[in-house]
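The listed protein sequences correspond, in order, to chains A and B. So in this note's numbering, spot 214 of the first sequence is number 304, and the numbers just go up one at a time. So in this note's numbering, spot 122 of the second sequence is number 1302, and the numbers just go up one at a time.
In short, the hints are calculated from the structure, not lab data. Just so you know, even glycine gets a beta-carbon here, dropped at the ideal spot from N, CA and C. Some hints could be false.
Said to hold, decoys possible - A partial selection of chain A residues facing chain B, derived with a Cβ cut-off under 7 Å: (1) K100; (2) F102; (3) P103; (4) L153; (5) A154; (6) G157; (7) G168; (8) T171; (9) L174; (10) F175; (11) A177; (12) A181; (13) D182; (14) E185; (15) A216; (16) D217.
Unchecked claim - Pairs of lysine-lysine, PhoX-like flavour, derived with a Cα cap of 20 Å: (17) K286/A to K230/A; (18) K162/A to K1242/B; (19) K1190/B to K1276/B; (20) K1321/B to K1370/B; (21) K159/A to K1242/B; (22) K1186/B to K1313/B; (23) K1276/B to K1186/B; (24) K1186/B to K222/A; (25) K1245/B to K1348/B.
Unchecked claim - Over the 12 Å line for every Cβ pair with chain A, so calculated as not near, a few chain B residues: (26) E1220; (27) K1276; (28) S1277; (29) D1381; (30) M1384.
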Amino acid sequence: MARFEYYGKKGFPAVNLEELQGKLIVIEGTDGVGRSTHIGLLKQWLENNGHAVLDTGMTRSMLAGEGLKAAKVGHTLGWLTMSLFYATDFADRLENEMIPALRAGFIVLTDRYIFSPMARGLIRGADPDWIKGVFEFALKPDMVIYLRVGVQDLITRVIQNSGFNYWESGMDLHLGEDMYESFVEYQTRILREFDKMAGDYNFQTIETSPNIEEVFEQIKNRVEPIVQSRLPRPRTSPPAGIVNPH
Amino acid sequence: MTPAMKMYGKHRFPGKLFIVEGIDGSGKSTQIALLQKWLESEGYVTFFSEWNSSPLVREVTKRGKKKRMLTPMTFSLIHATDFADRTEHHIVPPLKSGALVLADRYIYTAFARDVARGVDPQWVRQMYQFAVKPTIGFYFKISLEEAMKRILGGRDAIKYYEAGMDLKITDDIEESFRVFQGRIIEEYEKMVAEFGLVVIDASMSIEEQQVQMRQIVSEALAGTKKTRIRKWLDLSTMVKKASRQ
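Sequences are here, hints too, so could you generate the full structure?
Here it is in structure tokens:
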């Protein structure tokens, strides 16, 4: 039995799922919730414990990452095109980064997975069955950690960090009179989609707070059981082939 | 709230959509160009859209092909992305305005090529559900041998992905092309009934094919107003109305 399976029946024609050995851990959550901070911490902790880690994230594909960023600049990108552009970016990273790493026995940490692009498409009018179908070539991860934050806390964080931007405020949807109002409405809708998916896709939900150590401690506790199984068992007798000198 | 997503066959537009399909060398591009000339001379507003031409996406595809980065899945997805952008910007708006949209290659190209590359037929069909169903889809049917003769006579080199070289069937590009395009023809043949494509015998003379096409299109256009005229009339009555108020 292969350790991994696709959400749908079929996936990548040339990939043999039997060969995949590693672990796939997803960190999801809205903009500004601290995903990259925690991925950095998690990676360090895992590596300190002797695991090889690959980290990747949305819009970082060799194929479509730059093109997708460039397409967003002009604000003419429609939601259908955006959804499929994300799917292309995701497929390229899954097939050419994540799957090879899993084959080599790595722990793969990914900043966002199919859930962020699905949420973004859904609130823009994508048919739920359609978008689910588009992304069904995704591997079922070992764990999805959902870093959750309320809209009010999110606003404070976003203002502190980078300020509101066009896409994170959903300005293409014309939801409010200004960027602030649009941001609140947009992120509220995104959160609603995430909360709906949390049950369907078995998210490990972690309520985030400004205390990074505290949040990371919770993440570690959830991740530990999965990665434990990859550590060599403590030896009770000398390994075969080694002759006891006594 | 955002309007519900319109699926294949459910769009209702005043305009009409005519598309051509067929393997390279079938002559479909020549035929749709002649059709457009005729429709314009008849006073219709036409809009032409070509496979793989989205200004937002095409560079990504081009680079991916040049660097041979595309796998069957990403080849499929990037073409769907390109097509989505064209649907949103080049196909739906002119159809809403009542124009005649002409497309050289359509979703059936993706179904044929992607499935020939091993992508799941149901998945790719599902992904393209957002496409507007054409008023008429023409399939230019030609034998592999005839198409090969036309292509090899007219061009220096067959392209890597067109020959399906990414599938590593054989190192001989001409032979790979033959095998891959053969599979594509098989897929097209299946789609004729599935999607009600109108078959044109592409071994006939260019003129004979064009006569058939114009006959079929003019039947489909019966009752369609010539948008160019209507558009100006509408505009002038609108101006008059506005000035009266």
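Hints versus structure:
no.	hint	result
1	K100	4 Å, holds
2	F102	6 Å, holds
3	P103	3 Å, holds
4	L153	5 Å, holds
5	A154	5 Å, holds
6	G157	4 Å, holds
7	G168	4 Å, holds
8	T171	4 Å, holds
9	L174	4 Å, holds
10	F175	5 Å, holds
11	A177	5 Å, holds
12	A181	5 Å, holds
13	D182	5 Å, holds
14	E185	6 Å, holds
15	A216	6 Å, holds
16	D217	4 Å, holds
17	K286/A to K230/A	18 Å, holds
18	K162/A to K1242/B	19 Å, holds
19	K1190/B to K1276/B	14 Å, holds
20	K1321/B to K1370/B	12 Å, holds
21	K159/A to K1242/B	17 Å, holds
22	K1186/B to K1313/B	11 Å, holds
23	K1276/B to K1186/B	14 Å, holds
24	K1186/B to K222/A	16 Å, holds
25	K1245/B to K1348/B	15 Å, holds
26	E1220	27 Å, holds
27	K1276	14 Å, holds
28	S1277	17 Å, holds
29	D1381	33 Å, holds
30	M1384	37 Å, holds
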